[in-house]
Amino acid sequence: MTAVPQATARPRTAAGPPGPAPRRRRWHRLAIPLGLVAALIATTLVTHALDRPDPDDRGYLSPVETGEHGGSRLADSLRQRGLTVRRETDARAALSTARTGPPATLFVPAADLLRSETLARLTRLPVGTRLVLVDPSVRVLLATGVPVDLTDRRWATKVVGPQTDGAPCPLDELGPVRQAAAQRQRYEPDAEVDADLCFSAGLARLPGAVETVLVGADDPFRNDRFGEQDNQAFATALLGVHARIVWLDLAGPEPPLPARSSPPPVADSPTTPEAGAETMPPDGNGQGGRPGTPPDGSADGPPRGSAGGPPPNPLWGAFPLWFWAILVQLALALLLAALWRARRLGPPAPEPLPVAVRSAETALGRARLYQRAGARGPAGRTLRSAALARLLPWLNLPADAPQDRVATAVAARTGGEPEQIEELLYGDDPATDEDLVTLARSLDTVTRAVVASPPERSQPVPSPRTDPTEGGPR
0 MTAVPQATAR PRTAAGPPGP APRRRRWHRL AIPLGLVAAL IATTLVTHAL DRPDPDDRGY
60 LSPVETGEHG GSRLADSLRQ RGLTVRRETD ARAALSTART GPPATLFVPA ADLLRSETLA
120 RLTRLPVGTR LVLVDPSVRV LLATGVPVDL TDRRWATKVV GPQTDGAPCP LDELGPVRQA
180 AAQRQRYEPD AEVDADLCFS AGLARLPGAV ETVLVGADDP FRNDRFGEQD NQAFATALLG
240 VHARIVWLDL AGPEPPLPAR SSPPPVADSP TTPEAGAETM PPDGNGQGGR PGTPPDGSAD
300 GPPRGSAGGP PPNPLWGAFP LWFWAILVQL ALALLLAALW RARRLGPPAP EPLPVAVRSA
360 ETALGRARLY QRAGARGPAG RTLRSAALAR LLPWLNLPAD APQDRVATAV AARTGGEPEQ
420 IEELLYGDDP ATDEDLVTLA RSLDTVTRAV VASPPERSQP VPSPRTDPTE GGPR
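Here the sequence shown is numbered in numbering that gives the first Met the number 0, starting from 0 and rising by one per residue.
Hints were generated in silico from the structure; no laboratory data involved. In this text the structure is predicted, and so the values were computed from the model without any measurement. Just so you know, not all the hints are guaranteed correct.
As the list claims (entries may be wrong) - Label pairs and their calculated CB-CB ranges:
1) 338 / 174: 53 to 61 Å
2) 37 / 433: 46 to 54 Å
3) 350 / 451: 46 to 54 Å
4) 451 / 398: 18 to 26 Å
For glycine and all other residues, C-beta sits at the position ideal for the given N, C-alpha and C.
Turn these sequences into a full structure, and let the hints steer you where they fit.
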């Protein structure tokens, strides 16, 4: 038996100043939580923006839309009270309907979709008409000439009572209403204007020839919130002061006025049509201009979704907005999880060591990795493979020798039972840490006993211990 050479102890040098690694780690500990909070806030903002309906959304406060953001429940409630609800999809038709017949209520839930010229005509309706605007913007107020300023705007709509600064609401029709989700935008009329404020300034009424009512939230009119608190009584009472309700239901922004331009002279025409005669264009569509020109006179190109351009993807409209918001949140969560577990997604990659590491430190490091991962099975198989790698050359046996033959040879050297030796070298994986420690000690005892006996025949004595080469893989 040859003695194992002891590693020469090296003198420890004084530790130098700490490098920048701890500072970087401290920076990461501060940046990662702040980044997670920022990502959570951004996700909340995006989700709120997607979940909040916009006036240009399809079916927004439409009397025929039964979805969450529609107004079909309000229209049905008005009809049940015996009121007439007239739906108009064109602004000019709505104004014409409001002018004819007895006084009516003109309900404009999406005034921002109207042109400035149309907005200016809203306040020139017949005397006694009530104009109800839902959450109008500054542009709408300026175009209609309503002397009211926008003040505080809330993140979400608040349920409030009809009082404003302790004063009761002067609108008699809203007397039965105790609470309503009417305060998201607050209004402040000019000092010289005699205006009535209700619901914590979330509703403003300006009396006059045309009674203008501004409502700072769309929640009382929507289907999803129509049955909450007293929203139903609030909306029906506000629109039901007259027997006729003209509901302006716009599908999108009002188209611009057609440009007025004189038609170009026709050089190839041998005759000139008489004044006042209607001429048919060559394409026969009664619209004039070259074929394919839109009716409004714009010739900037084919409309969206036509053959001249890529059609819109129908997948975007097949799912509600909350579905895409949840999908974005899941993607962000997966990305954060991948960044968090980036160093643990794969097995350790071997790499050359930049410095000399003692074998004891390497063994201890591997042992801690196995312990942290709970890999008792791989650790036990590694110990058995290392023991067989030392025993087989000493016993003059090939690497593919049968298990019973190896066990018999080892038992002959150590004086043990072949069955116990076979169980030790080829048995089941250890189930606990104690079993792994017992296995390591038993393998070491058997290996030392075999190495202590003379080798078979005249084989050269192998080194009982092979130190890992410095700089090799871990």
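Consistency of the hints with the structure:
no., hint, verdict
1, 338 / 174: 53 to 61 Å, "holds (58 Å)"
2, 37 / 433: 46 to 54 Å, "holds (47 Å)"
3, 350 / 451: 46 to 54 Å, "violated (38 Å)"
4, 451 / 398: 18 to 26 Å, "holds (23 Å)"
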